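**Q** Chain residues, written in single-letter form:
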Amino acid sequence: MDLSFNAEERAFQSEVRSFIAKNLTEEMKRATALTPSVFSDPDIGMAWQRALHSRGWGAPGWPVEYGGPDWTPAQRWIFESECARAGVPNVNVMGVKMVGPVIIGFGSPEQKNFYLPRILSGEDYWCQGYSEPGSGSDLSSLKTRAVRDGDDYIINGTKIWTTHAHHANRMFALVRTSDGPRQQDGISFILIDMKTPGITTRPILTIGGDHEVNQVFFDDVRVPVANRVGDEGKGWTYGKYLLEFERGSGIASAKLREGLRAIAELAESDLTGRAIDSPDIATRISEVEVDIDALEMTELRVLSALQAGQNPGAVSSILKLRNSEIRQAVTRLGVDVIGHDALAVEPMRPLYKLNHEPALPEDMLTVVPEYLNGRAYTIFGGTSEIQRDIIAKMMLGI
Amino acid sequence: MDLNLSDEQRLLRESAERFVAESYDADHRRKTANDPLGFSPAVWKQFAELGWLALPIAEEFDGLGGGSIEIGILMEAFGRGMVSEPYVATVVLGAALIERCGSTAQKQASLPKIADGSMKLAFAHSERAARFDLAEVATSATKTAQGWRLSGSKIAVLDGHAADEIIVSAHLHDHQGPSGRIGLFLVSATASELSISDYPRLGGGRACNIELSDVQLPADALLGDGKDALPAIEWAVDRAMAALGAEAVGIMQTLLDTTLEYTKIRRQFGRPLSANQVIRHRLADMAIQVDEARSMALRAALKADSAPVERARAASAAKAKIGRCARFVGEQSIQLHGGMGVTEELEVGAYFKRLVAFDTLFGGSAHHYARHAQLGRTTVSA
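Taken in order, these protein sequences are the chains called Z and C. The first sequence lines up with residues 1 to 398 when you count with our numbering. The second sequence lines up with residues 399 to 780 when you count with our numbering.
Please note that the accuracy of each hint is not assured.
With a straight-line cut-off of 30 Å between C-alpha atoms, the simulated BS3-like cross-links for lysine-lysine are [said to hold, decoys possible]: (1) 240/Z / 662/C; (2) 143/Z / 240/Z; (3) 97/Z / 143/Z; (4) 443/C / 751/C; (5) 511/C / 443/C; (6) 393/Z / 662/C.
Because the hints were derived from the structure by calculation, they are not lab data. Quantities reported herein were computed from a predicted structural model and do not represent experimental measurements.
Take the sequences, apply the hints, and build the full model.
**A** Below, the structure is given as structure tokens:
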């Protein structure tokens, strides 16, 4: 056993580092640091996507024939970790990590040829149409309906919690095309142009002060049948495949460590009156750091199993749950570290383009919004309660 | 980066798991729990034959040259069956301290005997006033014409009653008084100025308190050349904590398996307990914590030979985190067994008690989170 990377992997690591040093501008870095929501705004995120794409690194998880870089699991881990350490923007995850793999796995040749290059280049910006007002954790109870009319479907219904629907030009959605014996039957996976007549988007402001999610309404929206991925009625299978990608990306510890480092630096600074001198704060920093250590080791154990061609098994379902809980612990600690300064609210967005002097130093500006927005981590992508159901079922067989 | 077991390591794990499954059943555990020795000499002999006593000892002293990973593999299997043989006292602490601090002659005199099972050791370090501070040693060693004179009181000495030789830590005094250095002394367990009072240990095995009243020792009882032994003590205790962490993982895994099985069989309100979401989620949390503990034990083992601060932080991180996970998994195992969980009729309580003992040994979670924080801040400002 060996915790350290080999010479080849270390060489790759320095390659990634020098790529980041060359391409990550101060503006991108500052904008990312000052983004308290989960996703970077497209102007920042897509600039980074273009830089990655020009290097052939636009879609790390894709097979090489579709433009993936053909990395080993260890290389992917190194890449993601270096990106987190450097504070690079979030790219359009819904394109690269969600709909991309589904199109690769189940799409027609025409769909692959059309959509995949546009995801890589950043030309298309995707949003995900899964949840509905009446269908949250019980996703397969969804009611948005697509009725066949010649070569089109006519879609009626509504989707909610749609991240960046107000930026996206495309949506992938689960819609009901028929009623089967089980509610999972009769669901289809469909690709929708957001400019199609009949689509309206309503912003939803979240408690941290950010506009990240939306509700989207469909009134007699015509979508060609050719935009359906895979078979009619099999959408649930494809959608679940995607959710596993969403949960099992499995490389989160570096980002958590970076978040904790920022909080620890605040705690060591005169800005917080050296919060770290309180034994309670110092110990809590250690508690969170140790939780990150444990998560990182679990990630590396999964990675080692993958490298050796083994199935890591249900351990990976632990990763999403612990990542979300630890992220919340980091942000909770942040609020306690800044003390009185947690009282100040900065309502303007984006925080990196304020046209006035904020009430707080820049280093503290995102602390409270990140804590508030961070409540969503244990809710999206399957709530922690759903994750525990999955762990009980998959790991424990009950 | 590779955390997969090698073929040799896989074989070691299989043979240890097989041995524990075959030789360590509930009857065996009950028998040894009531035995004044607290373990089985016949099993110790088998350990020797299987090469487990020689495992971490260098090849030049008849050992197998294994490392912390191999010790962890063995200890996790020991935990599954709650093995009570004095493995940590003799091999993980005793042999390691002699190998690190002893002269060649001292090593030659004891390590081959440890490896073949003919010598057992104990490490007498903790003192009441010191709590978990490894640097605080009031027991004194005064230079005499013949050698050394030791006086003081040691507590919580693991398996001291069964040891042939006891490694005693003492503050070295020269003509000017206390030197600020700690020395380690090999003291024969039969020395007449030594008074050993042993007691059954929580969760199996035995421990003892030791009074040293002017114990006269020859000059060569001091391990090594008299330079401060504190770094070696910290090193050995960090490694022991990693090993005990792996043992705790084995104990927790057995508790999880047992409790899971019970919730499937036990029916209330016309259905198995495991049909209730509150029970399923509790078990999911237990499974997560067993896995986190496994990651931390492995991490501490992998960093057992790193530079002192990195090693110590990893050891404290593991001790603190595994201690917390252990309390949770142990307490919830009892909770989910209901009234039966608090009886001696099931083994759940015995496994739980071993976890409580683990959490207490060398300092609990609060102590080790604080040590971790202390070490971290030292690095940042240095």
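**Q** Work down the list of hints and note, for each, if the structure agrees.
**A** Hints, verified against the model:
{"no.": "1", "hint": "240/Z / 662/C", "result": "holds (28 Å)"}
{"no.": "2", "hint": "143/Z / 240/Z", "result": "holds (17 Å)"}
{"no.": "3", "hint": "97/Z / 143/Z", "result": "holds (25 Å)"}
{"no.": "4", "hint": "443/C / 751/C", "result": "holds (27 Å)"}
{"no.": "5", "hint": "511/C / 443/C", "result": "holds (12 Å)"}
{"no.": "6", "hint": "393/Z / 662/C", "result": "holds (13 Å)"}
The structure meets every hint from the earlier list without exception.
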